[in-house]
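Participant: Chain E: place on chain S using the hints.
Residues per chain are reported as follows:
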Amino acid sequence: MLWVDKYRPKTLAQVIVHEDIAQNLTKLVTEQDCPHLLFYGPSGSGKKTLIMALLRQIFGPSAEKVKVENRNWKIDAGSRTIDLELTTLASTNHVELSPSDVGFQDRYIVQEIIKEMAKNRPIDTKGKKGFKVLVLNEVDKLSREAQHSLRRTMEKYSASCRLILCCNSSSKVTEAIRSRCLNIRINAPSAEQIVKVLEFIGKKEGLQIPSGFAARIAEKSNRNLRRAILSFETCRVQQYPFTSNQAIPPMDWEEYISEIATDIMKEQSPKRLFQVRGKVYELLINCIPPEIVLKRLLHELLKKLDAELKHEVCHWAAYYEHRMRLGQKAIFHIEAFVAKFMSIYKAFLIATFG
Amino acid sequence: MGKRNTIVISSSDDEDYEPSSRLTRSYQKPKSTSSLTRTNPSRAKKPRLPGSRLTKQSSNVDEMRLAFRDFDEVLNGVKVSAGSRRSNPKELWVDKHKPSSLEELAVNKKKVEEVKSWFEERLMAPKYLQDEVGRSSVLILSGQAGVGKSATVQVIASKIGAQLCEWNTPTPTIWQEHVHNSSAGMNYTSKLDEFENFVERVRKYGLISSSLNGNSKSSIILVIDDLPVTNGRSAFERLQRCLIQLVRSTRVPTAILATDCGNADSSDLTARWLEELQLTLESAGASKVAFNPITNNSIKKTLSRICRQELCNVAAEEIDLIARASGGDIRHAITSLQLFCLKPNVELDLSSSNSTPSCPKENANLLNEFSGGFSSQYGRDETLTLFHALGKFLHNKRDTENVVALDQNAFRVGEKFSRLPFKMDSPEKILCQAHGQSRPITDFLHENVLDFVSDEAMDDAWAVASYLGDADMLLATSRRTLNRHSEIGNVLQSAAASVAVRGVLYGNFHPSPSRWHAIRKPKLWQIEQSSSHNQNEMLRQRFMEDGGSSSFSEVSVIATEYRPVLKWVGYRKAGDVETHGSEDESLKGMSIDEEESEISDDDDIEDW
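Chains S and E, in that order, give the protein sequences.
The end of the first sequence is residue 354 by UniProt numbering, with every number in the run present.
The end of the second sequence is residue 608 by UniProt numbering, with every number in the run present.
This is chain S alone, in the form it adopts within the complex (with noise of 0.2 Å):
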């Protein structure tokens, strides 16, 4: 078992990093009723640990025992029937599921499954009914129509089922939908506390850590914590005794962006722009998100490029991310924006070179 998943606070007092949360969390779940709750922040940050800490702590061990499922939906829409395949998680008291990834039939999905929930409540140890918690991810991603039945829904099912929804930005997430959830930040842990979480792995694993070494982890970890703790069992598989020193190796995803950035800055001609596509399709077949590859590609190519360039590059990036968005296939915009970026870049260096 990989050190993320071996060392997860599976209870909220387990907690190291947001520490000040669990306690509220614990606080707010012993009065056994709780609100919806909407989690968010920057990936790695301990959302989904918390999350998963909470339903240990309000449904007890049973939490952990979930099974997967995945289910076909039959769900009727006035004319005509849609078939949806979705995975989703369950135990006996709580559903966890990705309603985006059924793409832009999400919202008949989140509208059924709450209404089925609804409908079989548990009852509790003391003949009380109890209420059923489904836990949605990626809400940030759900399309608009979706959000608003979610609303609806919300309301009209409160009384048998809670939510506890979970994205990055909340800024996705429309304003109804948030005013009716308890808002909860998790921030990205500083980098002390990364290397606290890393030195507390090394005591429990019996690892010699330099001096040094733990923060240069967390430095290049960019305060993602999931990320700390995977490159520290790569450098413990690399190379044992740790030498402060010593190299943390970079995702290969990464170093094959940083492969592209290098072949757009030696050629800029339609034949390198195809084979850039190549590449490009090559990342997205490993289910690297567009977004993460055109951010990536601007990381990349801003530290070769000249200054006067940077802030050109940028805007057109931010662009072609935008449409990206709007848009449905990813790699038109972004090779649109390996092109603008060849063509200014072309004509920055006839300018300058003649």
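Simulated from the structure, these hints should not be mistaken for lab results.
Be aware that a few hints might be false.
[Stated by the list, open to error] Below, simulated EDC-like cross-link-like pairs (lysine to aspartate or glutamate); rule was C-alpha separation at most 20 Å, straight line:
| no. | chain 1 | residue 1 | chain 2 | residue 2 |
| --- | --- | --- | --- | --- |
| 1 | S | Lys67 | E | Asp459 |
| 2 | S | Lys271 | E | Asp459 |
| 3 | S | Lys196 | S | Glu321 |
| 4 | S | Lys220 | S | Glu255 |
| 5 | S | Lys204 | S | Asp5 |
| 6 | S | Lys346 | E | Asp459 |
| 7 | E | Lys116 | E | Glu103 |
| 8 | S | Lys346 | E | Asp455 |
| 9 | S | Lys279 | S | Asp306 |
| 10 | S | Lys266 | E | Glu456 |
| 11 | S | Lys310 | E | Asp459 |
[Said to hold, decoys possible] Over 12 Å on every C-beta distance to chain S, these chain E residues come out as not near it, computed from the model:
| no. | residue |
| --- | --- |
| 12 | Lys110 |
| 13 | Met124 |
| 14 | Pro172 |
| 15 | Asn296 |
| 16 | Ser298 |
| 17 | Ala465 |
| 18 | Gly469 |
| 19 | Arg502 |
[Unchecked claim] Residues from chain S shown here face chain E by an in silico Cβ test under 8 Å; the list is partial:
| no. | residue |
| --- | --- |
| 20 | Ile16 |
| 21 | Ser43 |
| 22 | Val68 |
| 23 | Asn137 |
| 24 | Leu230 |
| 25 | Glu233 |
| 26 | Pro270 |
| 27 | His311 |
| 28 | Ala339 |
| 29 | Lys346 |
| 30 | Ile350 |
Please read all numbers here as calculations on a predicted model, not as lab measurements.
C-beta atoms are modelled at their ideal positions from N, C-alpha and C, and glycine is treated no differently.
Facilitator: Below, chain E without anything else, positioned relative to chain S:
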């Protein structure tokens, strides 16, 4: 003339009857010219023409006329407006103006002569000659739809005084009918069975003329219009066997009319079978005459003849247009003509019956002009294959110089933005002809366009990429609105296709020198598929690996963080289903692939 017309069930040779009677009717007195009952003599032998019904109707109308003379004009203007143009509104001109003499036939004279002499030979020849071996009495007439195969046979038959006996494919049995029949104890016979039985009977007994009014003296021609459709190889072989036997043994001169499916796709199974059938029949001894599409001039001649007979004024250009648009299909041309004549004249009648002294002529002209603008409505849709259309867009052929003299008031575009005129129809029209759906078109253009951009022109590549991005955005919007407003969705879709195509055409200012490129299937589709496959795979693996840690991980997180680390750590077990290998391997594989594919691209240079 206003008298009750008697139906003339004439034998088919009195062709002179029709034009003369028409000419005597005068345009000014429409009420007296109730020609509703006029049946087409050449059609009289077809029993399905509801002649008797028509007589009754028209007599009613006439009686009404006598009784209510006051309403005459109203009737005239509104209901029987068609009567003023001497045509039964229920009758199609195609049927009405069926050629009744060899001269009227628009088919090439030589072909007609060939067919005619073949029939004459078969019919006139003495008995002993007919029995000669190798002289089959089957003639195959092949050709596209609407080139006058049936008409030729009919005209010739009437000319040489032979009776036609037609096999028309029976109407298919619908399910309810079948249920009804089987409950009544009747067995279902397939249409192919019926045809086989028929052919069998013909072979053995000839055509027994009891059904043909005992007119035993005249000779008989058997026409098999429409071969039964066969589904599946075995059924086809049955049909083939049965026809070959017919060819070998029948004595009745038989014409088999085979409709070619135009320039048939080789992929179309039925078309290939039809060809095969013709070949085998020929080898069994049948003669074959292939009809070509009718020439423009013949169609024009026929159309103007009809116009004269119908007394409608159609400009020569219009006729020309209709003829050209019909693509050699005379049936289509005549129908278009009828459609064209219908509209303006109804208008004219109405205006005159309302007794408003409007100027009908101008009106008609206006309408003519109007419809002239959309002349393509008479045309058979020309279709293009998707690849043809894509080729047009990608090659981006333009005139070498701007021939259109810019007039002073015209909107000027900067030097940088102006492009030479297209050497093709407008892109939207081509899209329409290719029946292109916007999404595939956009994907295909995206996949292929970079090959067609000159190597120096980075700005062009950017422009093209950007426009394709625009199209993608429009398509995404259309998908979102698809559920509620399909109308809006459609508009968006076509707009997106238009943006994509025009973007490609406009953006590619410096096309690379023309050479042959293979148009590739969008790799994007494959990528999307394997990407979603990988995604599911990752989720599954992740769940297995983290020991059921009771939570989902986002795919992006797995892909960007867990997976690379897992590779480092070497957690991957041998048994794991991994389609794409480790990324480093696939990177190397990728670059090799690319080089290879490029080489093969260059090898593909041929003439387009």
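Participant: Name the hints, by number, that the structure is in violation of.
Facilitator: 1, 3, 9, 17, 18, 20, 27 and 30
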